[in-house]
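S.K.: The residues making up each chain are set out below.
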Amino acid sequence: MNNTKKISGSEAVVKCLIAEGIEIIYGYPGGAIMPVYDELYKYEDQIHHVLTRHEQGATHSAQGFARISGKVGVAIATSGPGATNLVTGLADAQIDSTPMVCITGQVSSNLLGSDAFQETDIVGISTPVTKWNHQVTKASDIPKVLAKAFYIAKSGRPGPVLIDITKDAQFELLDFNYKKVTGIRSYKPIPKLDTTSLDLAADLINKSIKPMIVWGQGVILAEAENEFKKFVEKTGIPAAWTIMGVSAIPTSHPLNVGMVGMHGNYAPNMLTNECDLLIAIGMRFDDRVTGNLDKYAKQAKIIHFEIDPAEIDKNVKVDVSVLGDAKESLSKILPLLKTRTHNSWLVKFKELYDIEYDSVIKDDLFPTKDGLTMGEVLKEINTYTKGNAAIVSDVGQHQMIACRYANFNKSRSNITSGGLGTMGFALPAAIGAKMACPEREVVAVIGDGGFQMTIQELGTIFQSKVPVKIVVLNNSFLGMVRQWQQLFFEKRYASTEMVNPDFTAIAKGYYIKSKKVSKREELSSAVEEMINSKDSFFLEVVVEKEANVFPMIQSGASVSEIRLK
Amino acid sequence: MEKEIKTFTVSIYTENNIGLLNRISAIFQRRHINIESLNSSVSEIEGVYRFTILINVTETQIKKIIGQIDKQIEVIKAYYHNEDDTVYQESCLFKIKSSLLFDDRQIQNIIKDSNARIVTVNKQFFVIEKSGRRKEIDSLYDKLNEYGIMQFVRSGAIAITKEPMNISEILSEFKN
Ligand SMILES: Cc1ncc(C[n+]2csc(CCOP(=O)(O)OP(=O)(O)O)c2C)c(N)n1
Chain P
1 MNNTKKISGS EAVVKCLIAE GIEIIYGYPG GAIMPVYDEL YKYEDQIHHV
51 LTRHEQGATH SAQGFARISG KVGVAIATSG PGATNLVTGL ADAQIDSTPM
101 VCITGQVSSN LLGSDAFQET DIVGISTPVT KWNHQVTKAS DIPKVLAKAF
151 YIAKSGRPGP VLIDITKDAQ FELLDFNYKK VTGIRSYKPI PKLDTTSLDL
201 AADLINKSIK PMIVWGQGVI LAEAENEFKK FVEKTGIPAA WTIMGVSAIP
251 TSHPLNVGMV GMHGNYAPNM LTNECDLLIA IGMRFDDRVT GNLDKYAKQA
301 KIIHFEIDPA EIDKNVKVDV SVLGDAKESL SKILPLLKTR THNSWLVKFK
351 ELYDIEYDSV IKDDLFPTKD GLTMGEVLKE INTYTKGNAA IVSDVGQHQM
401 IACRYANFNK SRSNITSGGL GTMGFALPAA IGAKMACPER EVVAVIGDGG
451 FQMTIQELGT IFQSKVPVKI VVLNNSFLGM VRQWQQLFFE KRYASTEMVN
501 PDFTAIAKGY YIKSKKVSKR EELSSAVEEM INSKDSFFLE VVVEKEANVF
551 PMIQSGASVS EIRLK
Chain V
1 MEKEIKTFTV SIYTENNIGL LNRISAIFQR RHINIESLNS SVSEIEGVYR
51 FTILINVTET QIKKIIGQID KQIEVIKAYY HNEDDTVYQE SCLFKIKSSL
101 LFDDRQIQNI IKDSNARIVT VNKQFFVIEK SGRRKEIDSL YDKLNEYGIM
151 QFVRSGAIAI TKEPMNISEI LSEFKN
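Chains as they are written, first to last, in the working numbering: chain P, 1 to 565; chain V, 1 to 176.
Derived from the structure by calculation, the hints contain no laboratory data.
Source: prediction; values computed, not measured.
Every residue gets a Cβ at the ideal spot worked out from N, C-alpha and C, and that includes glycine.
Be a bit skeptical, because a hint or two may be false.
Derived Cβ-Cβ restraints for the label pairs, each shown as a range [stated by the list, open to error]:
| no. | chain 1 | residue 1 | chain 2 | residue 2 | range |
| --- | --- | --- | --- | --- | --- |
| 1 | P | G21 | V | F152 | 56 to 62 Å |
| 2 | V | E4 | P | T368 | 57 to 63 Å |
| 3 | P | L200 | V | E163 | 25 to 31 Å |
| 4 | P | E529 | V | F174 | 53 to 59 Å |
Below, a sample of chain V positions facing chain P; criterion: calculated Cβ distance under 8 Å [to be verified]:
| no. | residue |
| --- | --- |
| 5 | G19 |
| 6 | K64 |
| 7 | L171 |
Quick list of in silico lysine-lysine cross-link-like pairs, DSSO-like style, CA-CA up to 27 Å [as the list claims (entries may be wrong)]:
| no. | chain 1 | residue 1 | chain 2 | residue 2 |
| --- | --- | --- | --- | --- |
| 8 | V | K64 | P | K298 |
| 9 | P | K148 | V | K71 |
| 10 | V | K64 | P | K295 |
Model the full assembly from the supplied sequences, consistent with the hints where possible.
M.R.: This is how it looks when you write it as structure tokens:
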């Protein structure tokens, strides 16, 4: 008997994580995953498990970890309710292409399908919101399935993977042998670059008179920031970003012309319908970006640099598609491009920016009325972080303000729930981001509504000593919904007013330093104190209750019908 | 042209995986597309399975759907074809009262004319099998229905494409 070599399935799970270079995981224990937790206890010195206060928090922390670092985030939970609590995070990671591996415990294989205690069909439930998922019922399958999971989550267009492991498979013994997966025969993560498409694209770019770039997160996911910067600078083309793309090049870059989409900047939205060439790079023409598709860039030729063939012509029919990894495509097209400038075309952007500045930005950043604006809080954060922080925003008005006004010097610095718009994302995501990059300043910007969706994660911050900075912009409303009610439902504020608790008292309850500001004179020093704090810090800013975010493209309207008030 | 709704045959070559049917059907469900028929079987390549799905959609829709199916990890390749590009067949079974066969000669002619075949006969009932295109099966159904059908079942369509499928090449490409 050489049983000595054999290890249990649960130990194999932990050894797989270690073999993949995972040092931090987020999770919550329970019956069906207890054997894995028992092994985590033994391997404590090699792998740090962070106990979140809810499994949703574990997924968002894993996402924050992945978004800032580019590494795979890992979350782990028990069967039944533990597993179903992962679903929001999986959906969020799926739509925002975030590499994440979730591991769930499951009832023993002999009980599958019997409605056993805490049995849910998590593989069935999570199928539409995962890049891949799989149930393991035999210990010997654990190494190869987990190796596949990490490969799939990270490669090509990244995404979440869920692996469900029955309890008997966790107890069963196996001969452990871990081999990283480097390919799967039915899966082609990166389509082969077609050089004729590069020639066609280069030709259009070289001939264009009023070209415009819209880039998305694809640039960041492909780690193509340098190639992208060279592309922009050589062609001299004004470049606008989607909410997921910002920070790929510094926001201060002279060719950065701002955000496209519903609450984006005036100039890039207006000029989308005036350019003669639209170059989309690593973005997917989401409806929040395009507005009414029938009136989107109809006058322009469109080039689409994209890794996922299913995105080509999905929403917008394009003239040239360059399928491939953005890093490779951009570096290969560079020699084919002429060095150019587009000064008179850039002046157009500047003119429209000035209009937006006068009617929106000035009042957001330098308000003259009494009430504090979300914009001025962001301005103060910029002042004290000097654009070096990662800003983790939740969902709503404050999110749009944060993305519009935050300065970024470094890539992977804007962490927000873009595609799913998950309230409650920011607090746990900030935890993951800070733990992945402890040397970086991480500031969470959250609404009073969204804060209360995952407020329990203050406990994680306290217990795990995560020095994140938390800013709650308190307007005592579900602000973004209230704004729509004001604009489109004749101010019928159905269930959007919030009677809030004393947030600073709650923060104090978790022993987190806190401060509340409601006057302009106090704001700057409070932000300074927060940024200078070595420990976590909670700052509540009472802002104007009924302020609106502009510009705005109403649903159904065209990007060039963007309103300034 | 692209807005016209047509019948397409979707052929999907896959690794055998338990959750795959769920994954594929979810793609149709999300888009409110009714699956007209679905068949799953082994293929010409060992270990590779083949789904044949018939749907009525526009060409624009089918292209997007194929993109979504193709990107599923365990899908080796998904294709779509027009009715003209495939040779396809459905098969069906009818259960009919035996007395009809002996009392009414006409029914024997129907069976002969439609190239159907009697699979089994006993005292109570007999079973007819017919393979062919949907129209032929429908027409046989209408004719037999006049006499009374005890049970009827039709299989999903199976289709062979006229042009070659390069699955083996795709798979061997991977090994290199
Ligand atoms: C989980 C979830 N539920 C509901 C919504 C719909 N929703 C979008 S924005 C918003 C209001 C957010 O309010 P708050 O967090 O206070 O931020 P504000 O808009 O006031 O800045 C709501 C309810 C959502 N995005 N996510």
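S.K.: It remains to establish, for every hint, whether it holds in the given structure.
M.R.: We went through each hint and held it up to the structure:
G21 of chain P and F152 of chain V have their C-beta atoms about 59 Å apart, which keeps the hinted 56 to 62 Å range intact. Under the hint 57 to 63 Å, the C-beta atoms of E4 of chain V and T368 of chain P, about 59 Å apart, fit the expected range. L200 of chain P and E163 of chain V have their C-beta atoms about 27 Å apart, which keeps the hinted 25 to 31 Å range intact. In this structure the hint that E529 of chain P and F174 of chain V lie 53 to 59 Å apart at CB holds, the actual value being about 58 Å.
Checking G19 of chain V against chain P by beta carbon gives a least distance of about 6 Å; that is within 8 Å, so the hint holds. Because the smallest distance between the Cβ of K64 of chain V and any Cβ of chain P comes to about 6 Å, under 8 Å, the interface hint for this residue holds. Interface restraint check: L171 of chain V against chain P, minimum CB-CB distance 6 Å, threshold 8 Å, status holds. A hinted pair counts as satisfied when its Cα atoms are at most 27 Å apart, and K64 of chain V with K298 of chain P qualifies at roughly 21 Å.
For the hint linking K148 of chain P to K71 of chain V, the alpha-carbon distance of about 16 Å falls within 27 Å, and the restraint holds. For the hint pairing K64 of chain V with K295 of chain P, the CA-to-CA distance comes to about 21 Å; that is within 27 Å, so the pair holds.
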